[in-house]
Every structure is written in C-alpha cells, then in structure tokens.
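For the sequence shown, UniProt numbering assigns the number 1 to the initial residue and increments by one for each residue that follows.
In short, the hints are calculated from the structure, not lab data.
Check the hints yourself; a few may be wrong.
As a list, the in silico SDA-like pairs of lysine to any residue whose alpha-carbon atoms are at most 20 Å apart [to be verified]:
(1) K148 <-> T184
(2) K199 <-> E99
(3) K192 <-> Y240
(4) K199 <-> V160
(5) K192 <-> H171
(6) K199 <-> S104
(7) K192 <-> L232
Just the calculated beta-carbon pair ranges, DEER-fashion [as the list claims (entries may be wrong)]:
(8) G201 <-> R115: 22 to 32 Å
(9) D57 <-> T208: 51 to 61 Å
(10) V106 <-> S180: 32 to 42 Å
(11) M62 <-> A193: 48 to 58 Å
(12) S195 <-> E112: 13 to 23 Å
(13) T206 <-> W65: 48 to 58 Å
(14) M62 <-> K148: 44 to 54 Å
(15) N181 <-> R136: 21 to 31 Å
(16) E60 <-> Q145: 48 to 58 Å
(17) Q220 <-> R115: 30 to 40 Å
(18) M62 <-> Q220: 35 to 45 Å
(19) H212 <-> Q145: 15 to 25 Å
(20) G205 <-> E112: 20 to 30 Å
Here a beta-carbon is modelled for each residue, glycine too, at the ideal position from N, C-alpha and C.
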Amino acid sequence: MSKVCPDFCLCLSVCLSVCLSVWFYRIVVYLRIWLRCSLCARLSQQMVERLQTDLADLEEAMAKWLHENLPQNEPQMVKEVVKNCSPLLADRMPDFALESQGASVVSTRCSETYRTRSACVSFLGVPLWYPSENPRTVIQGQAVQAGKCWAFHGAQGTLVIALSHPAHITHVTMEHLPVSNAPTGRIDSAPKAFSVYVKDGTWLGTFTYDQHGGAIQTFQLAIYYYVELRVLSNWGHLEYTCVYRFRVGQRFQIVL
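Whole structure, please, built from the sequences with the hints as guidance.
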C-alpha cells in the first residue's frame, strides 16, 4: 500500500476545518434570524392584543362619560344638529322669483316705497339725493344685510312679480333679517301675516312669518306666470314694513 503524502493530509484537514467553520457560522446566522423573527412576531402579537384591550377600555370609559354627562334628550339634540347642518328647503328648489333668472317686478301694481334718509349721495359735500331700495331688491337674491330691503308705508302692501318661467308653484319663501343680527334686537318691521295670489286673483294661501323662527321660512302651497304678495300686517312697526326677499319655488319629484 502506497504511503500518503503528509502535505496532502494536512491540506485536506485544513479544508475540512474551513468548511465546517463556514457551515457552523451559517447555521448560527440562520438561528439568530429565526430567533429574531420569532421574537418580533411574538412581541407584535402581544402589542396588538394590548392595544385592543386598551381601546376597548377607552371605548367603555367614553360611553360611560357620555351617559353621565349628556342630557337625556340626546337623540333630540342630534336631530337638531342634523337639521341645522342640512341645506334649507328653499335652497334646494329653483327660485322662479329671481331677477337674474328672468323674473321681474310689475312696478305699476306695487305699493309705494317708503323713502328713508339713512344714506345720502353727495358731490363736494352737496347732497344730491337719498337713495332707497325699490321692489326689485326683493327678487335680486342678495345676501341679507340690515337695511338692505324694500320698505313700504304702513303694515299692508302689495308686490307683484312676473315669474321667470311658468311654474307649478308648490312653495313660497319669506326671508327677513334674523333677530340676532338686528341692531335693535327687534324685527318689528318684519311681515307677519301675508297672502299669495296669482294673476287672475286666485288665492293660494295665507301664512304667518314667525319673528322668533328662522330667518328663511318656507310655506307649502297649478301653472302660473304671475304671483301677487299681499302683506296684511307686520310685527308692530307703525311707519313701515320691510321685505328682504320673497321666493317662489317648485319642488320636483325625482324618479329613479
């Protein structure tokens, strides 16, 4: 039997040692990775469970606090909030009494305008005239501001409007400055009772504007071209009555 070279044996021994060392190192690395992943997964699961428990405790505490601190009429309060956040009915219907849409005022049949001297147009300090709002103000759709209204003498007056389009009138809307925005804290010049007629004199209805209600009040009521507003009384002002805006609406039935 031939004799094995000592150098070859030494080389083989070194190679085996290196291979075993590399394999052992890889095993250690894989074990470390596996242990780290297992630990993270376990910790993550524990954290999720703890967060879920804390969230459940928080929800229970909030429900208890709400039950103890909110009044018993909470459902009614929610309804009021929803109502206040919902668009007004008048804003969800076309306004056939809007000048920019084609409506106009039949001035020959309207009450005389109450002339005020709250503002003056002057030139070089010389007063030229005192402007006042006319019946067109009621159908121009401007934002309601104190004094930006059509005023007529006394507590009874008439306004005739040619509608922008023939309409099957279902609602009319009376708008006035809210009490909260009135400089005097009163709106006694606001219309109180008023009636609505069409061109041939047909009576559509008589309504009451509530001075303590919302600023915009819609009243539910046939194809018409003209409507006539007759203000029958106001809320106490002896000299004049103010109408800020009057709308004529038609509510459409949406068929799906």
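Find the hints from earlier in the document that the structure breaks and name them by number, from lowest to highest. none
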